[in-house]
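Chains A, B, C and D, in that order, give the protein sequences. Note that the UniProt record's numbering has the first sequence beginning at 1, numbered continuously upward. Note that the UniProt record's numbering has the second sequence beginning at 1, numbered continuously upward. Note that the UniProt record's numbering has the third sequence beginning at 1, numbered continuously upward. Note that the UniProt record's numbering has the fourth sequence beginning at 1, numbered continuously upward.
Treat the hints with care, as some may be off.
Derived SDA-like pairs (lysine to any residue); straight-line CA-CA distance at most 25 Å [what the hints assert, rightly or not]: (1) A:Lys22 x B:Asn26; (2) B:Lys124 x A:Gly160; (3) C:Lys76 x D:Ala192; (4) B:Lys191 x B:Leu178.
FYI, nobody ran anything at the bench for these hints, they're computed from the structure.
There are 4 protein chains.
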Amino acid sequence: MSDSISKQDLIIESAAKVFAKKGYHNAKMGEIAAEAGIGKGTIYEYFSSKLQLFQEMMDQSLNKYFNKVVIDSLEKIPMEKRIQMLLQGHFQFCVENRELTRIIFWDTEIIDEELKDWAYNLRKEKESVMQDLIQSAISEGELRDIDANLVTQIITGVLGAMWAPIVLENKEFNIQKLSQEVTDLIMNGIKAK
Amino acid sequence: MSDSISKQDLIIESAAKVFAKKGYHNAKMGEIAAEAGIGKGTIYEYFSSKLQLFQEMMDQSLNKYFNKVVIDSLEKIPMEKRIQMLLQGHFQFCVENRELTRIIFWDTEIIDEELKDWAYNLRKEKESVMQDLIQSAISEGELRDIDANLVTQIITGVLGAMWAPIVLENKEFNIQKLSQEVTDLIMNGIKAK
Amino acid sequence: MSDSISKQDLIIESAAKVFAKKGYHNAKMGEIAAEAGIGKGTIYEYFSSKLQLFQEMMDQSLNKYFNKVVIDSLEKIPMEKRIQMLLQGHFQFCVENRELTRIIFWDTEIIDEELKDWAYNLRKEKESVMQDLIQSAISEGELRDIDANLVTQIITGVLGAMWAPIVLENKEFNIQKLSQEVTDLIMNGIKAK
Amino acid sequence: MSDSISKQDLIIESAAKVFAKKGYHNAKMGEIAAEAGIGKGTIYEYFSSKLQLFQEMMDQSLNKYFNKVVIDSLEKIPMEKRIQMLLQGHFQFCVENRELTRIIFWDTEIIDEELKDWAYNLRKEKESVMQDLIQSAISEGELRDIDANLVTQIITGVLGAMWAPIVLENKEFNIQKLSQEVTDLIMNGIKAK
DNA sequence: TATGAATGAGACTTCATTCAT
DNA sequence: TATGAATGAAGTCTCATTCAT
Chain A
1 MSDSISKQDL
11 IIESAAKVFA
21 KKGYHNAKMG
31 EIAAEAGIGK
41 GTIYEYFSSK
51 LQLFQEMMDQ
61 SLNKYFNKVV
71 IDSLEKIPME
81 KRIQMLLQGH
91 FQFCVENREL
101 TRIIFWDTEI
111 IDEELKDWAY
121 NLRKEKESVM
131 QDLIQSAISE
141 GELRDIDANL
151 VTQIITGVLG
161 AMWAPIVLEN
171 KEFNIQKLSQ
181 EVTDLIMNGI
191 KAK
Chain B
1 MSDSISKQDL
11 IIESAAKVFA
21 KKGYHNAKMG
31 EIAAEAGIGK
41 GTIYEYFSSK
51 LQLFQEMMDQ
61 SLNKYFNKVV
71 IDSLEKIPME
81 KRIQMLLQGH
91 FQFCVENREL
101 TRIIFWDTEI
111 IDEELKDWAY
121 NLRKEKESVM
131 QDLIQSAISE
141 GELRDIDANL
151 VTQIITGVLG
161 AMWAPIVLEN
171 KEFNIQKLSQ
181 EVTDLIMNGI
191 KAK
Chain C
1 MSDSISKQDL
11 IIESAAKVFA
21 KKGYHNAKMG
31 EIAAEAGIGK
41 GTIYEYFSSK
51 LQLFQEMMDQ
61 SLNKYFNKVV
71 IDSLEKIPME
81 KRIQMLLQGH
91 FQFCVENREL
101 TRIIFWDTEI
111 IDEELKDWAY
121 NLRKEKESVM
131 QDLIQSAISE
141 GELRDIDANL
151 VTQIITGVLG
161 AMWAPIVLEN
171 KEFNIQKLSQ
181 EVTDLIMNGI
191 KAK
Chain D
1 MSDSISKQDL
11 IIESAAKVFA
21 KKGYHNAKMG
31 EIAAEAGIGK
41 GTIYEYFSSK
51 LQLFQEMMDQ
61 SLNKYFNKVV
71 IDSLEKIPME
81 KRIQMLLQGH
91 FQFCVENREL
101 TRIIFWDTEI
111 IDEELKDWAY
121 NLRKEKESVM
131 QDLIQSAISE
141 GELRDIDANL
151 VTQIITGVLG
161 AMWAPIVLEN
171 KEFNIQKLSQ
181 EVTDLIMNGI
191 KAK
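Produce the complete structure using the sequences and hints provided.
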């Protein structure tokens, strides 16, 4: 197992760990190297700079998240079930990848003027998959006729809000039950009937 | 006007501007001083360090936000109307305080190991006002009988998601209409009836 | 005296000393700072980089040399006398400014691709003054009718060759006598009559 | 041809090329290896360090130059003719070995405290052949009775000055004519008769 | 013998903070 | 109180050299 992982991946993995714990600016290259159990200079054999390492790591992390969370909900099943799967996937991911979750949802610091746009667009690009999903559900009459973009934002917002207690507070909770509850709220609203 | 503002506030204001634009680590004390039109050393007459200045600024910014946004919705009026006011206040604030908005919702970078908890708790504390509000609405039967904490998270999540397009993309939009739409979605859900 | 010198000049002076002794690449900023009796960071208050410091120092050194050596020989006196003054000035400068001499005539290492041209042209520009001098002497019949450029090169070559023994070998010699001898050789050649 | 050259020589040749273009400090071992078409580690099979490689290369280059330029002029022919041959050889060498020329006459950077003396003495040693030549010409009455050392310096100086335009500026010129002109100036001086 | 992935010492440079004025 | 010149700790990145293959 440990020799089936490429050095490139090993570095990205260690970088994710350290970036998640310390944030971009407080993470030191030496610390990432130590975490990977390699020499400082070795990182530069695979990545040209700290910034590039961060970008590569972020790109990979977002991919991992979206592959796990969004793609799973692409099957042709009722929307309500899909959203529940989405939330369930999200919670599962949060629990299993605490470091990555922190990076994806928290570490949005301004590292670099250009990186700001890169990060924002990277996220929007990934979200467009979700938006398409919503749009088709609206077209097929499963969802109310509302701005798909708005709904996407709301769902993303909810996801974005529901990782902190899990990851930061280490709360015990029932994934199944929580995702059902939240799905219900998103689908039917909070108003008493 | 400009001489009615204390030097302390002047510095905080300048700090907010620079922190919002550059992020904590890329903001330089010299730049904040220049923005305030004072000498670099003068900042240290009012704040003991960059970190303390950031904390003071953050605290004040969050207060400003919650006072504006939450407090306005505390009157004893129907919950639906309140949420709409909350959203309207939020959007209004976003438009009028683009810099502060960025700081409050974006610049959550990990500045310092201890600051992480401080920032998280500061936010939770402010949110508790909202949670009380929700709880009482549930008690009075206006809202469905669900975990008030969950609802708070969802609403905060939605707010947290709905600033970026406004502030970062400079989108034109109708505040009144948008807040009504989002309120409707939160209250009644997204499912077609 | 020591407080009449600006910090800028103090740094250049120290830089000249260290660059002369160690060469560009072996000179360390910390060493230059130590030589100047200031902190490492202070250098960067006056010069943006090591390279810029080197260029500034070099520019100033060449100016000092040419002002001392060439300008003195501009008076309207016989060419033979002028060349002798030139040589005398050169030797005088070598003796009095051993460090600068080394920099000007030796430390022509390739520091930077662009700097190479900069250095070469800087030198050529200064030499053009000498070339004009030669040209007018030819026009007025004092010198044989030969390519002024060639003569300039020869004289510069001789100057360039006649610093090393003085500076590197610390040889004792009679400036007056040596400059007369060399002038004689340049004017009348080496061939027996 | 290419397999008649030893790997040692191949490396020295490549080193000369790279050192000439970049200077000692900017030349990278990897680049020299690439130029030679071999692995980085292989260089260390033949040379113990970058410094030793440079010294070996320099020694060989100077030998090549002096063999070509000085030795050719050792035959027992009139001094004037000899000097002309010397100059002609020099110019020929410059044109044919632009890289080596640069190294020999330009790249005199201070690589290492000890190397400084080594380089200076290496040059002086080679020059002693020329000095002996001059001395005998003086003894035989062909040249004026002047310090042979001085004349050597002057001739070396002229040679040292007359490579840059050829190598750096890529000037077109007539080797035959130029060497005759310069010989004339050295022999008869620049003064109008 | 040949290789090139890995290494880590060391250099430049930044910038929060100090302190003499 | 206000200032900004001076500082030096600390971090990124380079590259000669090593050594397992």
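We went through each hint and held it up to the structure:
1. A:Lys22 x B:Asn26: holds (16 Å)
2. B:Lys124 x A:Gly160: holds (15 Å)
3. C:Lys76 x D:Ala192: Given that 25 Å is the threshold and the Cα spacing comes to 18 Å, the pair holds.
4. B:Lys191 x B:Leu178: holds (19 Å)
Every hint from the earlier list agrees with this structure, and none is contradicted.
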